[in-house]
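J.: Those protein sequences? They're chains A and B, same order as listed.
Letter by letter, the first sequence follows residues 1 to 442 of the numbering used here.
Letter by letter, the second sequence follows residues 1 to 442 of the numbering used here.
Hint data in this document are derived by calculation from the structure and do not stem from the laboratory.
Among these hints, one or two may not hold up.
Pairs involving identical chains hold if they fit within one copy or between any two copies, as the list cannot separate such chains.
Unchecked claim - Pairs of lysine-lysine residues, derived as DSS-like cross-links and limited to a Cα-Cα distance of at most 27 Å, are as follows:
| id | residue 1 | residue 2 |
| --- | --- | --- |
| 1 | Lys-166 | Lys-153 |
| 2 | Lys-162 | Lys-403 |
| 3 | Lys-112 | Lys-314 |
| 4 | Lys-112 | Lys-230 |
Keep in mind that this is a model prediction, so the values were computed, not measured.
Number of protein chains: 2
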Amino acid sequence: MAASFCTQNALSLSTHHHHQKPIIPRDFHVRFPTSSGSFSSLPGRLELNATTKFRVSSSSATPLMDQSPVQTTSSGLPAIVEVDLGNRSYPIYIGSGLLHQPHLLQRHVQGKKVLVVTNTTIAPLYLDKTISALTDGKPNVTVESVILPDGEKYKNMETLMKVFDKAIETRMDRRCTFVALGGGVIGDMCGYAAASYLRGVNFVQIPTTVMAQVDSSVGGKTGINHPLGKNMIGAFYQPQCVLIDTDTLNTLPDRELASGLAEVIKYGLIRDAEFFEWQEKNMPALLARDPSAFAYAIKRSCENKAEVVSQDEKESGLRATLNLGHTFGHAIETGFGYGQWLHGEAVAAGTVMAVDMSYRLGWIEDSLVKRVDRILKQAKLPTAPPETMTVEMFKSVMAVDKKVADGLLRLILLKGPLGNCVFTGDYDRKALDETLHAFCKS
Amino acid sequence: MAASFCTQNALSLSTHHHHQKPIIPRDFHVRFPTSSGSFSSLPGRLELNATTKFRVSSSSATPLMDQSPVQTTSSGLPAIVEVDLGNRSYPIYIGSGLLHQPHLLQRHVQGKKVLVVTNTTIAPLYLDKTISALTDGKPNVTVESVILPDGEKYKNMETLMKVFDKAIETRMDRRCTFVALGGGVIGDMCGYAAASYLRGVNFVQIPTTVMAQVDSSVGGKTGINHPLGKNMIGAFYQPQCVLIDTDTLNTLPDRELASGLAEVIKYGLIRDAEFFEWQEKNMPALLARDPSAFAYAIKRSCENKAEVVSQDEKESGLRATLNLGHTFGHAIETGFGYGQWLHGEAVAAGTVMAVDMSYRLGWIEDSLVKRVDRILKQAKLPTAPPETMTVEMFKSVMAVDKKVADGLLRLILLKGPLGNCVFTGDYDRKALDETLHAFCKS
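Could you put together the complete structure from these sequences and hints?
T.: Shown next, in the form of structure tokens:
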């Protein structure tokens, strides 16, 4: 049986969640045992770290109130989420105005040469600021930049080669640092370029979309698309640090913002009930781009992902639970055509379908189905696939999903109270069929 | 001061070398302290393992005689060199007829799908044998193959994409294994493809040239060339195992064989005086392709490289000593045009130049200069660069060598008695100039 149970009690410490109004202490360490009995039946390699530790810096030591989330202090000190991966651990700095705090980036730049990889949309907005942050008070540091075309369709080998061309032309050496300035596509491409250039150079991420901040900033997944498949070519490669300046969200289009919220909502559903409840109350603040609400949502999302990734860096099992809604979502992206819907939009519709299927299996209450539908609508996200999607389109794409092992499609489904999920191939095929027919023309 | 001393006493155990006629015991473990004082001043990261362990299997338990090297036993049991890299450790099997021992490969193939990457020269000779070795008694294992054009000029992104195309078309999944069947170019490309496909799949190497067997088989360096530079794009990626069937050398052209011997000779010069002395006596047997002489030379070369790589996987300092003759050699390959000389031929000429420079610095005896010249000539290798190479050609290429750190070119030079070398930027520039002028037109 290829099932793994992802329960909040087993995988995260209740001390992190049991207060209605949690106080984040000045120095917060969580330690828990490496192996949870419920994962012992997982197939393949499952590498667990001895301990998982999260440190939240003193600047976050502000009590949380239900309607008024954590404030970044007036001094602009960042919140810090430490991603614990042994000697590849790194900090994520989160806060407003961080691009104006050069020491944050500079402490992670070792050599004298930096290559900023960005795109035509982001360069006019933030490239100068980034170069200043890298060079202020550092006359010996040379910053070069390569500006790529914007969009998922350019996430390919041809565009990647432009990064290598620039790196070689500007004589980037082994001690150089590649900086990804942009959204998920830039982060994935720059990260893979950093992993591959001279067999690996330093890498820093400055994500400028909610999606990149709450998803790509943790986990080290980098790569490009192949004409025959998404993310088929890449590497697991960890950055030296991630700098999230929430001010960059001010220039983000509404639709991109909502797309990122789909992933935020996912963390609540799969493992953090209290965070989901916070989102239900604070969605208006998030949609109004309240910086402190966003800082909190990003931090808590990164913490959730960091906990999962620390335990399962190479996606053996537990990490797959982060893909709630993604199998249906990928089918939508592939079947409907990439670029039609944003990733988070497809994930939102896919989440509704996974939740529907979980309910048909009798694994969750009807009330949870309604809450998911309500919060996604509130976030202005789709709650059903595009009308042109057919049952056959879903089935043909899902048959070649990466999560198919030995012919069996494993899915992430909710099971039990809010905050619990399973990654399993052990489900009634009838429920999957019913869900597909309920949402699509046959 | 960026100098590191590579002395036999500091870095390898004398038990390995102090017998005139060494007996290789049934189970051979070498342990030595992690950090040697002489390396404490190295720049950059230097990651050392806690212990370095080499196991030589019982089949190698044959006493060595001066003129009659280790025999592979009649049962065909392989010699095994264990490359110790923590959870990425792997065995190298060495012997005659190993492609006819399916269990050796099969124990390292986890999934049901295998992709053999080879070239137009090797496929007609060994592809069928390899497929048989992978599938004999394994009806559930499917083997696909991709046959690339032969030659260093095809070690590029375009050819690499053909491997990805085939992998995706044949639906290779995360548990699949990529098998490199061929020389160094195939090993480098297949290894990088394995490192990148689905962010990393299993990898097995079957090297069929001396160069690939004694060099690429240890160390995990994979990659491709960029139009502007060699090996600029790649990954450090370790195989599940390396299988060296010495019978594959029967089809190797003489020039390729000699080219590989340049690397074998290098191991003696930089760290294994006794091995160099063995080579001086056994060169005729090697040139006559005596299988037992080759099995011994390959095993001892792999052991030497494994010792170095176990201590310095990412080439921080110690590992650079493996590049004796390579800085001058790269200049020859680049200046003279790739494909004119084989890699080992360029290394041989480069070694003579490094040795000449070491002598001019007063770091080695005149007798060692003569011995190096003599053994390289005996191996039918060049002992000077091509006549068309000028001093300026050397200087311009060496200025952009990867070993230039902060403007200073560091070189691997011999220093002290046979078997000792240094990797240093701390030398008299006059000696370099004199060497270049001694070997080239100005």
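J.: So, for every hint listed, does it hold in this structure?
T.: Hint check:
no., hint, verdict
1, Lys-166 - Lys-153, "both (20 Å within a copy, 22 Å between copies)"
2, Lys-162 - Lys-403, "between (32 Å within a copy, 24 Å between copies)"
3, Lys-112 - Lys-314, "between (32 Å within a copy, 20 Å between copies)"
4, Lys-112 - Lys-230, "between (35 Å within a copy, 23 Å between copies)"
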